[in-house]
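**Student:** Whole structure, please, built from the sequences with the hints as guidance.
Protein chains in written order, with the working numbering: chain A, 196 to 621; chain B, 196 to 621; chain C, 196 to 621; chain D, 196 to 621.
The hints are all genuine.
Identical copies look the same in the list; a pair holds intra-copy or inter-copy alike.
Cut-off 25 Å, straight-line C-alpha distance, at most; resulting in silico cross-link-like pairs (DSS-like, lysine-lysine):
| no. | residue 1 | residue 2 |
| --- | --- | --- |
| 1 | Lys287 | Lys505 |
| 2 | Lys599 | Lys533 |
| 3 | Lys436 | Lys449 |
| 4 | Lys301 | Lys224 |
Keep in mind that the hints were calculated from the coordinates and are not lab data.
Computed from a predicted model, the values in this text were never measured in an experiment.
Number of protein chains: 4
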Amino acid sequence: MKQHKREIKKIVLAYSGGLDTSIIIPWLKENYDGAEIVGICTNVGQDEDWDGMEKKALASGASKLYIRDIREEFARDFLFRIVRAGARYEGKYLLGTSIARPLQAKCQVEVALQENANAVAHGCTGKGNDQVRFELTYKALAPQLEVIAPWRVWDISSREDAIEYAQERGIPLGNISKKNIYSRDWNIWHMSHEGGDLEDPWNRPKNEMFQLTKSPQEAPDKETEITIDFEKGFPVGIDGKRLGAVELLSRLNKLGAENGIGRADMVETRVVGMKSRGVYETPAGEILLTALAELEMMTMDFNTLSFKRKMSQQYADIVYAGKWYTTFRESMDAFMDKAYQYVTGSVRLVLYKGNVIIAGRKSPYSLYLEDLASFGESSYDHTDATGFINLYGLATGVEAMVHKRIDAEEGQAPEMKHVAATFHDK
Amino acid sequence: MKQHKREIKKIVLAYSGGLDTSIIIPWLKENYDGAEIVGICTNVGQDEDWDGMEKKALASGASKLYIRDIREEFARDFLFRIVRAGARYEGKYLLGTSIARPLQAKCQVEVALQENANAVAHGCTGKGNDQVRFELTYKALAPQLEVIAPWRVWDISSREDAIEYAQERGIPLGNISKKNIYSRDWNIWHMSHEGGDLEDPWNRPKNEMFQLTKSPQEAPDKETEITIDFEKGFPVGIDGKRLGAVELLSRLNKLGAENGIGRADMVETRVVGMKSRGVYETPAGEILLTALAELEMMTMDFNTLSFKRKMSQQYADIVYAGKWYTTFRESMDAFMDKAYQYVTGSVRLVLYKGNVIIAGRKSPYSLYLEDLASFGESSYDHTDATGFINLYGLATGVEAMVHKRIDAEEGQAPEMKHVAATFHDK
Amino acid sequence: MKQHKREIKKIVLAYSGGLDTSIIIPWLKENYDGAEIVGICTNVGQDEDWDGMEKKALASGASKLYIRDIREEFARDFLFRIVRAGARYEGKYLLGTSIARPLQAKCQVEVALQENANAVAHGCTGKGNDQVRFELTYKALAPQLEVIAPWRVWDISSREDAIEYAQERGIPLGNISKKNIYSRDWNIWHMSHEGGDLEDPWNRPKNEMFQLTKSPQEAPDKETEITIDFEKGFPVGIDGKRLGAVELLSRLNKLGAENGIGRADMVETRVVGMKSRGVYETPAGEILLTALAELEMMTMDFNTLSFKRKMSQQYADIVYAGKWYTTFRESMDAFMDKAYQYVTGSVRLVLYKGNVIIAGRKSPYSLYLEDLASFGESSYDHTDATGFINLYGLATGVEAMVHKRIDAEEGQAPEMKHVAATFHDK
Amino acid sequence: MKQHKREIKKIVLAYSGGLDTSIIIPWLKENYDGAEIVGICTNVGQDEDWDGMEKKALASGASKLYIRDIREEFARDFLFRIVRAGARYEGKYLLGTSIARPLQAKCQVEVALQENANAVAHGCTGKGNDQVRFELTYKALAPQLEVIAPWRVWDISSREDAIEYAQERGIPLGNISKKNIYSRDWNIWHMSHEGGDLEDPWNRPKNEMFQLTKSPQEAPDKETEITIDFEKGFPVGIDGKRLGAVELLSRLNKLGAENGIGRADMVETRVVGMKSRGVYETPAGEILLTALAELEMMTMDFNTLSFKRKMSQQYADIVYAGKWYTTFRESMDAFMDKAYQYVTGSVRLVLYKGNVIIAGRKSPYSLYLEDLASFGESSYDHTDATGFINLYGLATGVEAMVHKRIDAEEGQAPEMKHVAATFHDK
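**Tutor:** Printed below as a string of structure tokens:
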């Protein structure tokens, strides 16, 4: 909708501590007539100099910095829903960045409302997905707030420009001057890598690029066996011990990383339309989705599971596009709340040099009955199958008879030009 | 449909050379008044004593045995379509047995028509999927033929019964007496394992059970790099060298098996309704589906690929259920003939101890344009994103405003009982 | 599963009062060694001699007859969910019979449990859908009960056989001797017609066959305008007056019937595989589904509505097949509970000689904003559209450029045989 | 993509003869430095002063006007595909405008290439769908052409502005000064109406607004019976007489219009995100889609038809969004080419005061077999149904038993906190 040119007096910025968002602070003040800039930085599990961050934000010109540790909420209400949904964007990407943005933007909106700010700002560029995710959340939660996206507007278009801009204004660079080849995002769920030599999709990622995981080659040459416990589609423990969401993820990240698990390399389709190349490390995620998929097969009926598999794709698309706070996403979760009520049990896994090997699954709600499936005697009546197949295949047989009869009568392929006429002789 | 009790004079049996189908021959003769029994055995890549097979069939009472090598047709027209379709039943099973049955049944029907037989018979039990696949193919191709399924009818219900029945009639047992713990199916695409200790889904398969593949542990501790070339969604070569379908599969099976690739363990839902546990080895299949999925992402637009992913699931269900010779399957393949016209290119893979690692992909039809996706300058106009997001998120913003306004007016959640009345004041 | 031959001492029969179920009583007693037969007849709105029914059942040999008026539950918890789901089997059939069976079977199971009966019996034939619906409900709610389906077993295969059988046993025929040309089912939602001259699908139904509705020709030549009020996707009132479920349906049935609304004629696919021809009268149903579809478009976002439309089809298939008491159906309803939370408002309709004409719709949650959609000035910024289209069409443009460039380089259609080689020159 | 500011010397304009596109001519010349403007006007069946159009375009400043009669191609290759696809956007809109735009834009692109023009221009506003449809076609067919959309750029924002602008430049107004309340689009398939009093969705459209069809009230009080003949899903004749596509549509339009058929009134979701209200008249379309849906049910198997119904929705969405020239649309048509190979036959309809009543259907490929479906004796074996239901309902029964057993063991609802512990006792 058309931007009503209101007076902007206070702006809440999604602040990361990095160069990209630091230079936004002076720019906003210069371009919005000395507006007050309040930063909000969320802890979703990334490694940061948390102690020095407030100082840095204030030194860059912010009037205040909020820091929020949202890891538990992130893990429990967001990441575990990704697990349950079995959501992999384009069949692969475990949505690590996509799923963080709505929660981060929600925190930002909360601060904006609390601070009576007029606007929210972010540091995303005009080519990426994150701008969409931040802004769709703003629209969903506080459509009245003005949105400012400096990277789509200003002339700064390279890292060098940005450094120069920062230096001119005395923004502390920290270790920013250290060149990063890759563009990265990191949280408790994953680390992503883009850019640099990855821009040629024929290039294999260099092993030194990876930050979280060992390569399968580097992983130890021995098996690690674990059991993951689920309740109603959500992970609740490891090896029979109940764990909080963050603790469970941390444990699995460590185990996965050590065993070379969770790397994915793909060419994906961005929301804004172009294909892009991304490489991801998601050790706990890879383990959890693999495990739950196995438990589902044992505890969920074919129809529900089949439909849910199609929903997984829909869910991934919606999350990727930043549409978390929507009726559609909530409705899909309501479907799953019901569908997963009996998806409770344990999956035994072996982790070994990049492999997540299914070693067993059990559930009090198992629909697998050894008696029914086995080759020996059972309560199953084999003659039922005759009736079943006769009716299951009835339509196939009728179709075959009908098509063959006509083909025969008419020569081979029926001459369509004669057909219409023929009908009326009937 | 009701079985018309016609006189059955000649029966064509899907003959495997094993005990299960050998004992059918005398049984048919005894129960169908001395009917002539003709066997047909297809070579789909399984290991058999091909030279001794005719002798064995005749010794069991058959009047004739047809042997057909259908490996090339099987690979090119059936397996490669599975590859293109990306079909994995319940997300895992690469359909190795399912996809063979329709072609085998088609051969059987051809022999039956050529021999002027009245009936076809198979050796499948009443609990499994194969009976459905055979019989649906019979219905689709020759609905006039009588179908005989002795295992659903007779009293033989164990291996011991079967051996006794064979011995009483002088059927050659060969090395049949050697006890097989598992029920297996083998062809050029896969080997499946069911039964024995697998019947407890908490049991991990023993390594000695596997026949085709090394375990990841046994695989060599070094990478094998290969490039697979595709044209229009079908594999055509390895490392730039064009190969016939069977040759290509054999090569990949060898490479995959050596590197510990292609084992899958699952609890699946059978056509006849029960859950069952199966373990599969499909080395070439695993490599090919992984590789093509990567090439698709580079060469196919999001809409087509997204729809096709849902179709994959449908395709797998249809093949699993034996509905190969149907309008539906053919229509899905027609869709894919068009959708894959530009899915041509190469995928570079690294095989290592159970891992199929994507190392690169390229295509003359690549939709990935480095210029568009990169972070630097390009023909992409960042300000387009503002308009895009404003309209992409328009509905979200409108919905938020509308719901919030009402919620505010009405207290919080609107009192539904007042609403209907309110409407009419408008 | 194999029928365990237990001793059957008491059987609860779904009793209709008609010939088809009356003769089952003596048959069950004769074939189950004098078992006690308890009848249960549910009132779902059909016209019956309710006062004489118990007498008739006892005269036929039943020990007891339960009569239950389940109209309100049927309307509110079953039919209104059909409305909300927008469920039309094969795009047409409003599921009038399908949706009654699970509730009727549930009542029967309740009686069986209360009576400590061993078995349940029904009067459905082996060709129809109803046997499936009854028995799937038995399996879902009380899988331990034996199921008896006499019409699939005995030799009675015509109306004449049945009458003779009844007369031999002194079963009261009532006005049964009056020949019914059509097979019918009737409840508060619909009346269905099958058989007779309808068996030729080229025959147009005779006007005298219809029982509930006037034909459009007979309907008065004047408009009837009504407003239907909905809350969260369920109908709650007419013309601003709140009504109970049965009352609302009765009113709409009267209005629809009078105005020639609700007849449907189709060839449908039965669960047991064959095509069959059915004609239906569903006046209130036709009005309600038409009205709600209109309100949805105004209050639900595109993504949710689009997904829900596909779910409608799934829902209809599931209900048609008798799978009401399943996780899948319940999960779909959970989805809709959320998706319809704001589908509250009113739809103005004109009924006229078979037409249900939309004349207006309004909602406090309307997502239609006149300001946005109109041609005049508004808060909408037209230049946003440029950015939107540039990115919305980005993939299309890229694809076109890529395909054209290659086609040009290669002659026209790229020679696929050269491609693989080319790749490796890169 | 970023607009490369090239020198624009020749522009091809999609010219309608109306005020909206007439004023674009001088504007383009003024803003593109005297560029040459070539007009192209396509005849898709709208009523125009075809003879005077060239003169008017030249008088407005165009150097040339191409007029192309594309009705036959439009009907045969575009509209008939809508019929076969059964495509109704949001369940209602028969896509009359949406489907014309790609063909019109294709003609425009052809002229642009022939004329060596640098740019294409259209007269669509920034709020509507048509801009998207035109521009996506340009991108698909000639991505190198510059696109000019004056209505998104200039200051003219009302009808009055436009008239003033025209008068200042001496553009002939013709009868343009006559005020049109509604915004309309007309072609051989439909007429659409938007704006005016329709902007309040509670308003019923005035009868005098409609231009093509009689109201049901005005229609004659007598039935008109016709038979429509289809081959492979496409209409080929009426009452046994083969007709060309335009002729067939004209005939049905006349019959439908006379009988009050084809009006639709809805609130729809535009591509650019907002809800809008549209009213449509599509007499032939309504008749054809109704008829074909009936024939499909008789000649197509359940699986294919069920999948195709979901595809219908996808197809409608794609056409609505202007994505005609895409791999996805072509792939869906390839699916249907195969799926409809046997959808050949005739449907008998009665048209009466707004009603399209199905009166019969027949086909040489009918899958309806009277023998199978009827209540009397047939080749159908009723006992098959027992086996069928036992297996069809097997999963339902197993699930019920498992869930009940556990619920019983555990009290009622299983206490989830105990479950994880329990597993490990197994």
